[in-house]
Amino acid sequence: MAPLLNVAGLQAWYGESHVLHGVDLHVNEGEMICILGRNGMGKTTTLRSIMGILRKRTGQISFAGQDMMNVPLHKTAKAGLGFVPEERGIFATLTVEENLMLPPVVAPGGMTVREIYTLFPNLEERRSSPGTKLSGGEQQMLAMARILRTGAKCLLLDEPTEGLAPVIIQRIGEVLVELKKRGMTVVLVEQNFRFASKVADRFYLMDHGEMVAEFPVGELPQRMDMLNTVLGV
Amino acid sequence: MTMIFGIPVQALMGQLLVGLINGSFYALLSLGLAVIFGLLRVINFAHGAQYMLGAFVALLLATHGGIGYWPALILAPLIVGLFGAVIERTMLSRLYSLDPLYGLLFTFGLALTIEGTFRYFFGASGSPYAAPPSLGGGVNLGFMFLPVYRGWVVVASLVVCLGIWLLIEKTKLGAYLRAATENPTLVQSFGVNVPLLLTLTYGLGAGLAGFAGVLAAPVYQVSPLMGSNLIIIVFAVVVIGGMGSILGAIVTGYLLGIAEGLTKVFYPEASNIVVFVIMAIVLILRPAGLFGKDV
Numbered sequence: 001m002a003p004l005l006n007v008a009g010l011q012a013w014y015g016e017s018h019v020l021h022g023v024d025l026h027v028n029e030g031e032m033i034c035i036l037g038r039n040g041m042g043k044t045t046t047l048r049s050i051m052g053i054l055r056k057r058t059g060q061i062s063f064a065g066q067d068m069m070n071v072p073l074h075k076t077a078k079a080g081l082g083f084v085p086e087e088r089g090i091f092a093t094l095t096v097e098e099n100l101m102l103p104p105v106v107a108p109g110g111m112t113v114r115e116i117y118t119l120f121p122n123l124e125e126r127r128s129s130p131g132t133k134l135s136g137g138e139q140q141m142l143a144m145a146r147i148l149r150t151g152a153k154c155l156l157l158d159e160p161t162e163g164l165a166p167v168i169i170q171r172i173g174e175v176l177v178e179l180k181k182r183g184m185t186v187v188l189v190e191q192n193f194r195f196a197s198k199v200a201d202r203f204y205l206m207d208h209g210e211m212v213a214e215f216p217v218g219e220l221p222q223r224m225d226m227l228n229t230v231l232g233v
Numbered sequence: 001m002t003m004i005f006g007i008p009v010q011a012l013m014g015q016l017l018v019g020l021i022n023g024s025f026y027a028l029l030s031l032g033l034a035v036i037f038g039l040l041r042v043i044n045f046a047h048g049a050q051y052m053l054g055a056f057v058a059l060l061l062a063t064h065g066g067i068g069y070w071p072a073l074i075l076a077p078l079i080v081g082l083f084g085a086v087i088e089r090t091m092l093s094r095l096y097s098l099d100p101l102y103g104l105l106f107t108f109g110l111a112l113t114i115e116g117t118f119r120y121f122f123g124a125s126g127s128p129y130a131a132p133p134s135l136g137g138g139v140n141l142g143f144m145f146l147p148v149y150r151g152w153v154v155v156a157s158l159v160v161c162l163g164i165w166l167l168i169e170k171t172k173l174g175a176y177l178r179a180a181t182e183n184p185t186l187v188q189s190f191g192v193n194v195p196l197l198l199t200l201t202y203g204l205g206a207g208l209a210g211f212a213g214v215l216a217a218p219v220y221q222v223s224p225l226m227g228s229n230l231i232i233i234v235f236a237v238v239v240i241g242g243m244g245s246i247l248g249a250i251v252t253g254y255l256l257g258i259a260e261g262l263t264k265v266f267y268p269e270a271s272n273i274v275v276f277v278i279m280a281i282v283l284i285l286r287p288a289g290l291f292g293k294d295v
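Chains as they are written, first to last, in UniProt numbering: chain D, 1 to 233; chain A, 1 to 295.
Don't read these hints as lab results, they were simulated from the structure. Values in this document were obtained by computation on a predicted structure and should not be read as measured data. One thing to keep in mind: the hints can contain errors.
List time: in silico DSBU-like cross-link candidates among lysine-lysine, alpha-carbon distance up to 30 Å [stated by the list, open to error]:
1) D:K75 x D:K181
2) A:K170 x A:K264
3) D:K75 x A:K170
4) D:K75 x A:K264
5) D:K56 x D:K75
6) D:K198 x D:K180
7) A:K172 x D:K133
8) D:K133 x A:K293
9) A:K172 x D:K78
10) D:K181 x D:K198
11) D:K180 x D:K78
12) D:K56 x D:K198
13) D:K78 x D:K181
14) D:K78 x D:K56
15) A:K170 x D:K133
16) D:K78 x A:K170
17) A:K264 x A:K172
Covered stretches of chain D (chain A as the covering partner; in silico rule of three or more C-beta atoms under 8 Å from a C-beta of chain A) [unchecked claim]:
18) 30 to 41
19) 65 to 76
20) 130 to 144
Ideal placement from N, C-alpha and C gives every residue a C-beta, glycine not left out.
With the hints as extra help, turn the sequences into a complete structure.
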């Protein structure tokens, strides 16, 4: 079966700065992959290029059999891609509920508001508060929840655990496991590979704008030396 | 005769009313400017010209089409709004990737072009535009005589300002607008057609200016320069209220109109500069404006 998301030879630039030097990756339907790598190696840029936020790019991106290179940004979501940015992007001038309801539904099969509030009870309690009055962890939950409502098939998730307390990280891990059960496809960017190893099926290791290794989660133990070298931990 | 602070009540109330009417126009115009600036980051110098266009469209509809005030009050803002949307789509939208200064220069040039064209065809002197007979005459309030049309201007402006505020704060479209004001790229990545939203917003702002123009037509003379006289004060209003603040633009518009009116009573010599004095003081004490968020 063809992968749901296929990226080949993807190059991207921020202005004059050449950031991606030919990224190849694929994600099968229902799979959760994780891109590891140090800061500044192009992980976020990869997600932004796939989503079409970064337009200065060449190569191939196909999603669900559709060529995404010429799809304008406001039609990418319609194809079934959902993006949760690293900074979470919760709107201060919108209430929690307005934030949740903001992204238009793109396909049937998304979670209902009831299901979301069951999964994230804190959000229901604080539905009338301004979005940015939530804690960092709650904002991360909200950023994920609002994409889950839309019926997106594939979630691009940028460092969801960054700056959060261990107990919240654990909660996010549980949510990801739940999403996997529901058949959601996820591209996860993480620095915290101990967290990622509990949820991801397969790993890509990114260095200087390209993928330098790819391996399933089962090979993680024998890859530790290489990971420690490349990640510098 | 009743006096307050040595001023006859009638004079005081009269100037308060004049202030409130001016404030109505300030509020409508600065609201449009604030909405446009918030989302497009464009300082719309063509706003005065769009206000003038509203008045002229109403005048031309009457003289050439026999269309009266009430249909014109709907039609003229729609025509001016559509004109604004076309301008945004075909020209202004090409400048978003550049320094914001280009948007300002473009709209400034646009204003000069529109005003120059109308001056060429209609001359600089004004033409009268009659208020509808249903709003003629006045009522004696006991302490003063209130021309009905002027009361209508205040009511209509309040209703429209409140309506736009509700549209922005309480509706889904308003939520898109607020969110896109904060982070247009992310909103677009959610599947919202942000370029279309920008066009609609500019059209809405221009339409509001056109609406103010029709309201103003029976009060002032319809002349090609009616907007450029007003727009400088309206910019001061927006700065005092806080750039991009919707509520700030509305409230400050009325308050400054009233402040101007009161100054005319107590110290007429200062009435032309009072708005700018307030602007200077606000800029010194609260650079982000009365309702603006400190950056």
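Hint-by-hint comparison with the structure:
no.: 1; hint: D:K75 x D:K181; verdict: 27 Å, holds
no.: 2; hint: A:K170 x A:K264; verdict: 38 Å, violated
no.: 3; hint: D:K75 x A:K170; verdict: 26 Å, holds
no.: 4; hint: D:K75 x A:K264; verdict: 56 Å, violated
no.: 5; hint: D:K56 x D:K75; verdict: 17 Å, holds
no.: 6; hint: D:K198 x D:K180; verdict: 12 Å, holds
no.: 7; hint: A:K172 x D:K133; verdict: 21 Å, holds
no.: 8; hint: D:K133 x A:K293; verdict: 16 Å, holds
no.: 9; hint: A:K172 x D:K78; verdict: 19 Å, holds
no.: 10; hint: D:K181 x D:K198; verdict: 14 Å, holds
no.: 11; hint: D:K180 x D:K78; verdict: 21 Å, holds
no.: 12; hint: D:K56 x D:K198; verdict: 34 Å, violated
no.: 13; hint: D:K78 x D:K181; verdict: 23 Å, holds
no.: 14; hint: D:K78 x D:K56; verdict: 21 Å, holds
no.: 15; hint: A:K170 x D:K133; verdict: 19 Å, holds
no.: 16; hint: D:K78 x A:K170; verdict: 25 Å, holds
no.: 17; hint: A:K264 x A:K172; verdict: 43 Å, violated
no.: 18; hint: 30 to 41; verdict: violated (count 0)
no.: 19; hint: 65 to 76; verdict: holds (count 4)
no.: 20; hint: 130 to 144; verdict: violated (count 0)
In the structure shown, a violation is registered for the earlier hints numbered 2, 4, 12, 17, 18, 20, in ascending order.
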